[in-house]
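Since the structure of chain Z is provided, determine the placement of chain C on it from the hints.
As a plain string of letters, each chain reads:
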Amino acid sequence: MSWHAETALLEAYVESTLERAAAFSIEAHLIGCASCREQIAVIADRERLARVWSDVQERVDTPRRGFVETTLTYLGAPDHVARLLAATPSLTLSWLAGVAVSLAFAVAAAHAGGDGLVLFLALAPLLPLAGVAAAFGPGVDPTYEIGLASSMRSFELLLIRATAVLLSTTAVSALAATALPQLGWRTAAWLVPALGLTLVSLALATYVPPLRAFGAVALCWIAAVLLLAAAADDGFAAFRVPAQVGFVLGAFVGAFVVARRREMFETERGA
Amino acid sequence: MTSTTVEVRGVQKRFGRTNALAGPSFDAAPGITGLLGPNGAGKTTLLRLLATVLAPDAGRLRLLGRDPSDTGDRLEIRRRLGYMPQEPGFHRNFTAFEFVDYVAILKEMTDRRARHDEVRRVLELVDLGDVMHRRIKTLSGGMRRRVALAQSLLAGPELLVLDEPTAGLDPELRLRFRELLSELAQRRTVVLSTHQTEDVAALCQKVVVMDKGVTVFDGTPRELIELARGRVWLADDRAGDARLSWRTGEGRHRHIGVAPAGAELVEPTLEDSYLLLLGKLPAGERAA
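Chains as they are written, first to last, in the numbering used here: chain Z, 1 to 271; chain C, 1 to 288.
Same shape as in the complex, but just chain Z (with noise of 0.2 Å):
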């Protein structure tokens, strides 16, 4: 190289002061001239070429967004809320996708009379009630652990992610509640029976293994449907007012049970 950028000239390309021409001279140069490149790294501000570095790194290497993470930021999600949701096991295609093949067996069945219907209020609850059961905790959860000894708090992470397979859940029984063949107050009367037998497992969730608690409500409901059904002499008898009531006040004391005792997600029971 037969010659070097003055000092001045160095500078005022460092401060981005120079015409776009002789920065762009100066941009060739550098390139071939170490000399230079060493002047210029002593007179360059450390921290804004950290930024600019940093700037293009996460322009040119951040990974692109897969559809659930696509799809929530697209609704208004945070990103770091939707990578939390994208590692959920019940939030993925896959899971919805078999939510929406158990409910289309479940609106056949209706079609095709005798306690079709009541098969689908019954199966109706059981679905957010698996996806809360796989969407956190020790078995389900591959980070499960990393995630506890982290500081953001374990329940919190439940919270988002209950929240999130309960509406993604609920938005896909709704629609097919849509295709049951009398659209009257049956079709929904499963919505409270989710949210109370929701709300029961997370705090029996408290005091024994989250899989255990899950699976100890679900056998109670369909135990329960049947039951009452045989006893009242009506399949929808689980699913009429006092049941209702039942419901909403076992949410209730879920609800209370779960802000209560909620630390006890904190650390590790078992699984």
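Careful: at least some of the hints might be erroneous.
As the list claims (entries may be wrong) - Chain Z stretches covered by chain C per the calculated footprint, using a threshold of three residues with CB under 8 Å from any CB of chain C:
#, region
1, 73 to 83
2, 141 to 148
3, 255 to 268
It should be emphasised that the hints constitute simulated quantities derived from the structure, not laboratory data. The structure displayed is predicted, hence computed values, not measured ones. Quick reminder that beta carbons are idealized off the backbone N, C-alpha and C, glycines included.
Below, chain C without anything else, positioned relative to chain Z:
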């Protein structure tokens, strides 16, 4: 004077009928402390207590000067803690970058730009800069362990708890891990568990040997080696009543314990002392 970062006093933990920890006690200060012990000794349970994942049933535990049973203290500890579990789980469809980014969010790093810079920093620190955008399910076992180590380094923790960080690594990668861990330990407290006595000899300023849920040794690797001094022999033949004797690569027999006829006293290794401590020899020959 070194400050104590980890203080364990008689902690106990039961899982059903199994008594996983029966009251081990030790301290750890900045530098590397190695937990050595056979399977079932309670190392992993103890590390999970140090990582605040589990709470002890009894005993006293203080981490970074705080009490992990207190909600506020536990949060503060977690903010200054890095943890690599023995079998870290991954969201296998995530890339290495996405996974570490996810853990960074769990560590309350909500500013996207700063978080991404930190994710790149830790991935480059473990030499994964070139593969950070590959899906975890396509990475080798050694690379996955490095991803697990990278997440534990997020936000520059003061206390690093690593469960068998070198397990399953080939010799070259194990050396790279040792190099990295010794660098990290210059500024922080590292508590790691291992089956490898070579790791302890190469890395640790302090070693704690555990067996059946209790501490059976707490000191420096040099002090541990000294326990076997005068008890390790080389002989041409295997002693008939030897409880621990094996043929070395050079064709001679190494004995720990009473000297066989014509045996030559040799320098003990950390492994010799470890075997002595674990009671592989008759009680009369065991180290005090």
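Hint check against the structure, violated hint numbers in rising order: none
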